[in-house]
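Visitor: Here is how the chains run, residue by residue.
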Amino acid sequence: MAAPLTLLLIVAVTIRAALFRSSLAELIAERVEVVSPITAWKRVVEGLALLDLGVSPYSGDVFHETPLIIYMFHFLVDYAEITFMTFVFGALCVCICFFFIYLSLMPFQFRKQKFALEADRYPMDSLELIRSPKEMYYVPLKVAMFYLLNPFTILSCVAKSTCGLNNAVLALFFLSTIKGNVLLSAIFLCLATYQSIYPITLCAPAMLYFMQRQYIPVNFHRVSFWWFIVQYLFMYLGSLFVLICLSFFLLGSWDYLPSVYGFILSVPDLTPNIGLFWYFFAEMFEHFRLFFLCVFQINVFFYTIPLSIKLKEHPVFLIFMQLAVISIFKSYPTVGDVALYLAFLPVWSHLHRFLRNIFLVSCVLLACSALFPVLWHLWIYAGSANSNFYYAITLLFNVAQILLVSDYFYAFLRREHHLTNGLYLKRKDGSEATLILK
Amino acid sequence: MLRWEATEVKEAATVDAAADIQGTSAPETVVPSSVPQPKDDFQEELVIRPLHSGDIYASFQFRTLWDTDFMRENKVSHYRLFPKSLGQVISKFSVRELHISFTQGYWRTMQWGQPFIPSPPGAELWVWFQDSVTDVDATWKELTNVLSGIFCASLNFIDSTNTVQPSASFKPLGLGNVTDHSFLRYATLPREIVCTENLTPWKKLLPCGSKAGLAVLLKSEKLFHSSFHSQAVHIRSVCQDWQCKTTSWELRQTLNSVFDLHNSGQTKREWSLFKMFSRTLTEACPLASSSKLYIDITDNPQGEQFELSPATSLLSQAVVLGDRRTFSVYDLTQETTFGTVRSLNLLIRWKSNEGEMLRPLLHAERYVAGYGLQTGEIHTLMYNNHPYRSFPVLLLDSVPWYLRLYIHTLSVTSKGKDNKPSYIHYEPSKDRVKPHLLEMLIQLPPNSVTEVTVQFERALLKWTEYPPDPNHGFYVGSSVISSLVPSTVAMHTNSTRERPLFSSFFPCKEESSYFVRIYTEPLLVNLPTPDFSMPYNVICLTCTVVAVGYGSLYNLLTRSFQIEEPNPGLAKRIANVIRRMRGVPPL
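As given, the protein sequences belong to chains A and B, one line each in that order.
747 is the number of the first residue of the first sequence in my numbering; add one for each residue after it.
523 is the number of the first residue of the second sequence in my numbering; add one for each residue after it.
One or more hints might be untrue.
[Stated by the list, open to error] Straight-line alpha carbon distances no greater than 30 Å define the calculated DSS-like cross-link-like pairs of lysine-lysine that follow:
#1 B:Lys939 <-> A:Lys788
#2 A:Lys788 <-> B:Lys942
#3 A:Lys925 <-> A:Lys880
#4 B:Lys693 <-> B:Lys725
#5 A:Lys925 <-> A:Lys788
#6 B:Lys741 <-> B:Lys797
#7 A:Lys788 <-> B:Lys741
#8 B:Lys693 <-> B:Lys726
#9 A:Lys788 <-> B:Lys984
#10 B:Lys725 <-> B:Lys797
#11 A:Lys888 <-> A:Lys1058
#12 B:Lys952 <-> B:Lys942
#13 A:Lys1184 <-> B:Lys1094
#14 B:Lys693 <-> B:Lys942
#15 A:Lys1172 <-> B:Lys693
#16 A:Lys788 <-> B:Lys725
#17 B:Lys942 <-> B:Lys663
[To be verified] Pulled a few chain B residues facing chain A out of the computed Cβ check, cut under 8 Å:
#18 Asp657
#19 Asp1053
#20 Arg1081
Rather than coming from a laboratory, the hints here were simulated on the basis of the structure.
Even glycine gets a Cβ: it sits at the ideal position worked out from N, Cα and C.
For reference, chain A alone in the conformation it holds in the complex (with noise of 0.2 Å):
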């Protein structure tokens, strides 16, 4: 598998070498879609620019990423070459994560399935949906390709888009999680946290797995439950507080608080994106501003609560559900964001079997995504469009994201109940059942 895996990277770091020599680059940094306010390279290197000038980064409203990625690239900027392979060296790092979080699930899955199976917890007409190791020995290269080769992920990476960083982050995050290291495991997503606040629901499906790992049952009336919750929460806000009071010294002063978490949580800029948020703010009465802001971030950190208690057993597809959540209603979402969540979908190709609607949903998304600069270039550059054409094609995204999603977790629970109750159902007379959800 190493041959594979080495082919894939030259690849992978051939088409991005060559897109960012290219004159294709410039364009690319500057689409709406691949950037956000947060995470441009243009609004970094205007920080650095008046980091040059001695005026703080913050006192204008153009710089919005955290001190410490102003720090690193103040080192790293005056070398073009080393900044790029520091974006390619993110992107790299994601997948070689995934790779290997993958390599050490797939044991791990097959030895619970073979588990139940032993025990006789799954009935045997359901063999038929275990996955058998052969069918998944492939399953960590394809993750490695569909992140790679993914063009929202080239794209992104060619822009130098810090989101890949973030993407970087959170992949480390979910490796040593996998591995099953507690500290390392809340120091990334402290880190995650840092850099777009969204990141701290993942604390639920983390929390979970290491449970599910040292055997510590998920029960409010144990004692051992609660002190792991502790220790997690002691390690992650901890190291949390070692960031921002690092920050804190590096800058001397407390001005990146609102200006990186006010600002994505308050939504001031409404430049386009491919998010639900830049419209509705932008048209929205102002009396009702505030609540709708609420309810629209509540949102996004709201359904941890009802996910996590739903999947508890089954964490790692709760990271999956969480980070598609959040990279649909998150207030600056980028291409790179949905990247990170498409990656997982060569995981669930077991699932395939049960979503209904993935052609329509696949057909939606890649029309809609060849859209998004026709309809930019008509509203913007030739003045024959308005703004919601625009706004009608992120709704569509947003739409056929959603469905996506809910495919998947629809797949996901209805396969779940056929390996305990079997794959062909009966009626209490003999004939053949459907399945409805009730």
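Knowing the structure of chain A, use the given hints to seat chain B on it.
Guide: Below, chain B without anything else, positioned relative to chain A:
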């Protein structure tokens, strides 16, 4: 034949008023015995400069001097020549200096040369406050609202989003060497339209109103039918004598106009006071200590370009903007000026169309480059036309927040080479709070064009933040270029010497250079617009999508899979109901 005007200080002492002021003045004000008693003094003058294009430039200046102290404890209550409304503003808001101008049209430096008092299109206001002011921003806000009422202008639209604190470009023009620019506020409203309703309150500030003196010429139907119209009020404190023992407040009201030859529908190149203003002069303002009319005849020493009638034998020379100019002077306080018809209708008749104007040494222009509504680039071109001297200029740019400047794209090039500014003061904008402020000190090489470019991004605003007619575009105020330009003749550094008003506005510190301020064109920039007609639709549609997300997840989270039991038919259900009533087990 020619008689040079003697420069003498005219003392129009007004004893009554002086006595009143003396009575109310605080005891700590020690008046040296050698200095004449506190007084106020009013001067008026009109300068007419024929331009080479056939247009004509008329510049009115009215100056009121009053040595009182607005800042002392008991309020100044007796006003004579100085307008009470402005006096109260000065004392209430502890103003050190106030400059306000309203301009319609753009001053074309390359065609018309430098104006006596420059001003940008729209409204401009800059104020230095006294050190005693604690909350400058609140005072500024209140002051702009008061001035808005006084001048019938939209100055109340000045808020934190268009106010800046320049660090170097706007030094006080009067007394006091203030370096702390936290007491300075500068704002422009490039969209402001100037019309009659601004002129009327401005005229009311004059001691004679528009009843007598030069102000009778200020008729709005003619003044606003011109290529350029600018009216201004400048308040500052100045020295009374060259030792600066006593100071007095100076109120300078200026009005500049350029009348267009073709616009006025004439065929002959001929101008008269009546043609310009549809009035003639009959008397000086009785309250004025001096009332003069100057015609610039520098280019016409022998009368070969144009002729003046009635001719005057009185000539005066003044150094204006680095150039020694010669003026014919009509003293309106003299009876003889008006001749036998008791009215002065000055006529300027051109004889030839020839003559080249001296190119101004410094001139600038600005434009927006790029296409589409996403990004753009502001280009500022500064021309140094001096053949062998280079000189530094201070460039000030105040750009609204909705054009997000990227300062790392700033480039300054002259003669194809990078010209690094020796001083950059940059304050980035805050969305909906403050604008960008960019100040740079740039050395302009001799005989060169220096180009300053900076890229910006156009923001999408909330639908309520767009003005009516949003597709007209958004105005960006003029860049301000301030410079000490090398002078060809020695400048007068003594500010108290009696000089024509038009040559004594900017204080001059050294003999070899003179101060010039240039305003570039304001910019008109289009921003992307949302569809204003459909807020309800957008709210409904987006909420629907969120609800689709919520609904599908809720559906999967709360329900569980069950085997579908077919619904019994209607007949069967009815039969079951009947059977239940009968107590028989259902079918």
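Visitor: So, for every hint listed, does it hold in this structure?
Guide: The hints, checked one at a time:
| no. | hint | in the structure |
| --- | --- | --- |
| 1 | B:Lys939 <-> A:Lys788 | holds (25 Å) |
| 2 | A:Lys788 <-> B:Lys942 | holds (22 Å) |
| 3 | A:Lys925 <-> A:Lys880 | holds (22 Å) |
| 4 | B:Lys693 <-> B:Lys725 | holds (28 Å) |
| 5 | A:Lys925 <-> A:Lys788 | violated (36 Å) |
| 6 | B:Lys741 <-> B:Lys797 | holds (12 Å) |
| 7 | A:Lys788 <-> B:Lys741 | violated (54 Å) |
| 8 | B:Lys693 <-> B:Lys726 | holds (29 Å) |
| 9 | A:Lys788 <-> B:Lys984 | holds (24 Å) |
| 10 | B:Lys725 <-> B:Lys797 | holds (21 Å) |
| 11 | A:Lys888 <-> A:Lys1058 | holds (27 Å) |
| 12 | B:Lys952 <-> B:Lys942 | holds (26 Å) |
| 13 | A:Lys1184 <-> B:Lys1094 | holds (23 Å) |
| 14 | B:Lys693 <-> B:Lys942 | holds (24 Å) |
| 15 | A:Lys1172 <-> B:Lys693 | violated (91 Å) |
| 16 | A:Lys788 <-> B:Lys725 | violated (52 Å) |
| 17 | B:Lys942 <-> B:Lys663 | violated (37 Å) |
| 18 | Asp657 | violated (21 Å) |
| 19 | Asp1053 | holds (5 Å) |
| 20 | Arg1081 | holds (4 Å) |
Consistency note: the structure conflicts with the earlier hints numbered 5, 7, 15, 16, 17 and 18.
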